[in-house]
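Q: Could you put the whole structure together from the sequences, leaning on the hints where they help?
There are 2 protein chains.
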Amino acid sequence: MNLAPENTTLRAALDDAASIIESELDALLPLAEGEERRLVEAMRYSVLGGGKRMRGFLVIETARMFSVNITCAARVAASVEMLHAYSLVHDDLPAMDNDDLRRGKPSCHKAFDEATAILAGDALQTRAFEVLAEPDTHSDPEARCELVAALGAASGARGMAGGQMIDMVSEGQTLEPPMITRLQALKTGRLIQYSAEAGAILGRAPGPLRHLIAAYGRDLGAAFQIADDILDAEGSEATLGKTAGKDAAQGKATMVSVMGVQRARMHAGHLAQQAATYLDSFGEKADLLRALAAFTVARRS
Amino acid sequence: MNLAPENTTLRAALDDAASIIESELDALLPLAEGEERRLVEAMRYSVLGGGKRMRGFLVIETARMFSVNITCAARVAASVEMLHAYSLVHDDLPAMDNDDLRRGKPSCHKAFDEATAILAGDALQTRAFEVLAEPDTHSDPEARCELVAALGAASGARGMAGGQMIDMVSEGQTLEPPMITRLQALKTGRLIQYSAEAGAILGRAPGPLRHLIAAYGRDLGAAFQIADDILDAEGSEATLGKTAGKDAAQGKATMVSVMGVQRARMHAGHLAQQAATYLDSFGEKADLLRALAAFTVARRS
Numbered sequence: 001m002n003l004a005p006e007n008t009t010l011r012a013a014l015d016d017a018a019s020i021i022e023s024e025l026d027a028l029l030p031l032a033e034g035e036e037r038r039l040v041e042a043m044r045y046s047v048l049g050g051g052k053r054m055r056g057f058l059v060i061e062t063a064r065m066f067s068v069n070i071t072c073a074a075r076v077a078a079s080v081e082m083l084h085a086y087s088l089v090h091d092d093l094p095a096m097d098n099d100d101l102r103r104g105k106p107s108c109h110k111a112f113d114e115a116t117a118i119l120a121g122d123a124l125q126t127r128a129f130e131v132l133a134e135p136d137t138h139s140d141p142e143a144r145c146e147l148v149a150a151l152g153a154a155s156g157a158r159g160m161a162g163g164q165m166i167d168m169v170s171e172g173q174t175l176e177p178p179m180i181t182r183l184q185a186l187k188t189g190r191l192i193q194y195s196a197e198a199g200a201i202l203g204r205a206p207g208p209l210r211h212l213i214a215a216y217g218r219d220l221g222a223a224f225q226i227a228d229d230i231l232d233a234e235g236s237e238a239t240l241g242k243t244a245g246k247d248a249a250q251g252k253a254t255m256v257s258v259m260g261v262q263r264a265r266m267h268a269g270h271l272a273q274q275a276a277t278y279l280d281s282f283g284e285k286a287d288l289l290r291a292l293a294a295f296t297v298a299r300r301s
Numbered sequence: 001m002n003l004a005p006e007n008t009t010l011r012a013a014l015d016d017a018a019s020i021i022e023s024e025l026d027a028l029l030p031l032a033e034g035e036e037r038r039l040v041e042a043m044r045y046s047v048l049g050g051g052k053r054m055r056g057f058l059v060i061e062t063a064r065m066f067s068v069n070i071t072c073a074a075r076v077a078a079s080v081e082m083l084h085a086y087s088l089v090h091d092d093l094p095a096m097d098n099d100d101l102r103r104g105k106p107s108c109h110k111a112f113d114e115a116t117a118i119l120a121g122d123a124l125q126t127r128a129f130e131v132l133a134e135p136d137t138h139s140d141p142e143a144r145c146e147l148v149a150a151l152g153a154a155s156g157a158r159g160m161a162g163g164q165m166i167d168m169v170s171e172g173q174t175l176e177p178p179m180i181t182r183l184q185a186l187k188t189g190r191l192i193q194y195s196a197e198a199g200a201i202l203g204r205a206p207g208p209l210r211h212l213i214a215a216y217g218r219d220l221g222a223a224f225q226i227a228d229d230i231l232d233a234e235g236s237e238a239t240l241g242k243t244a245g246k247d248a249a250q251g252k253a254t255m256v257s258v259m260g261v262q263r264a265r266m267h268a269g270h271l272a273q274q275a276a277t278y279l280d281s282f283g284e285k286a287d288l289l290r291a292l293a294a295f296t297v298a299r300r301s
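From first to last, the protein sequence lines stand for chains A and B. Residue 1 is where the first sequence starts when you use the numbering used here, and the numbers rise one by one after that. Residue 1 is where the second sequence starts when you use the numbering used here, and the numbers rise one by one after that.
If you are wondering where the hints come from, they were derived from the structure by calculation, not from laboratory data. Keep in mind that the hints are not guaranteed to be accurate.
Unchecked claim - List of simulated lysine to any residue pairs, SDA-like, C-alpha gap at most 25 Å: (1) A/110 <-> A/204; (2) A/105 <-> B/103; (3) B/110 <-> A/94; (4) B/110 <-> A/243; (5) B/105 <-> A/96; (6) A/110 <-> B/95.
This one's a predicted model, so the numbers in the text were calculated from it and none came from an experiment.
A: Encoded structure:
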């Protein structure tokens, strides 16, 4: 397992995936002609031209492992990035985290206005589901249904939205590590796990393999979130492209706030290694996913 | 065609459908146990115990015409009511229409808070799509995919959300009748048309029949919205269960504001009759849908 933080093969693969996803998003969100044009502009502003595309990369990479063609994988990758972008647009709203900066530019409600940001988030979520159900995504409608249902489970009240609710309710409270783990598993973990599983669903992978990929995604997601919290505590706005230090300012409970940076970093490293062990039976085909796990906890932005 | 506003058969069928939909929503939204419980409470508050269930009734009634079993139809009816409820919760937000009253009780952000209302709307939309994709909805995954894609098209940037955007952008502007027709077709019409079509999709109806039902839904939706605007202009909070007179107060362009109540009422009546003509080839099976068209323009709340 390659644990070097600078993995040029991974870097190139991430860049390739980001460029494929960008083109796909551009094609899936054509500008409207009428008065509703402003809405599509806000959607494009929020999802195009930024982000690490980690979720989309996971879709493309797991799909490749199961020999899925890139056209299908790119659509599903674009769909999960739309879903992710919707959650960021709504999380940044004044009534939620009230954040003015996202991906190095004004957040959607600052660049447009609050009503437009609410609607743009709503419409990005709609489009994410619509794209999955369309025949171009997969010739087998059973696979399309599974993707829609899995994305729904990952992002609804028992997934991302539920996690965000716990996050809001618990602001200023002291949470124990198991509760933080649960919160983060819902808030970011389940969507990352879905992204990994999506390639296996597209490839009609047998159950046991699908479960291994899901377990990898689950631990990768947990490691990713802790690494994100460490960056929030240590990073600067310039490197992050979003407001730094906001967890502490908002009194949010994170692994960093309860166990300190050093122990949190060890914990994240442990989770990333554990994620990689689920890939053992995939051999060399999973090298990029192994490298991603290592990179996730070593990254600086 | 029965144009009597008081049709007891229709009344009974509407009540039956409402009660079936209520049970289905209750089952599809079980209360969570953890800290995310507040979110599910807000979702249930927003979608249970209220509303005419016109969209859900359309699903159930068109499904019956195509011999779909009620278990499938009820799930799809509950799904469209969740989608509709999400749009109301977000439309009522301070940054949107800023409305404190809905279905005779405080709107979601008044009963809970703004962040919870944003998340509850988000999660209701998610659940609407998730339910459609689940195997219990239909044995044929192709039908489930078609439902998801059709709901996406009706509610996204080129449907309901797009219409809401035009509505916000045009506030205080004078719109011509064709533009108002387009705005309302997007904002409310497409979801009502989808509700009618959903039964035909569930019943795997041949294309020509599906198009007739869609045309009925389109004109019914247009008639419904004009009738709604007349009620807003003439009704009271007590009968409507929501704030009355708000279109005029917010400077919203409606058919009533550009052509007056009397001409708007004639126009709605004409659309309702036109809707009914699309049902000719269905014979007696479509009696309730004919009665619904008549009732839509004759109702008082």
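Q: Now, for every hint given, state plainly whether the structure supports it.
A: Tested hints:
Taking the CA atoms of residue 110 of chain A and residue 204 of chain A, the gap is about 42 Å. The hint is violated against a cut of 25 Å. For the suggested pair residue 105 of chain A and residue 103 of chain B, the alpha carbons sit about 40 Å apart, so the restraint of at most 25 Å is broken. A threshold of 25 Å between alpha carbons decides the hint, and for residue 110 of chain B with residue 94 of chain A the separation of about 16 Å falls inside it, so the pair holds. Distance hint between residue 110 of chain B and residue 243 of chain A is unfulfilled; the C-alpha atoms sit about 30 Å from each other, more than 25 Å.
With a C-alpha separation of about 24 Å, the suggested pair residue 105 of chain B and residue 96 of chain A falls inside the 25 Å cut-off, and the hint holds. The hinted pair formed by residue 110 of chain A and residue 95 of chain B meets the criterion: a straight-line CA distance of about 13 Å does not exceed 25 Å.
Consistency with the previously given hints fails for numbers 1, 2 and 4, ordered from lowest to highest.
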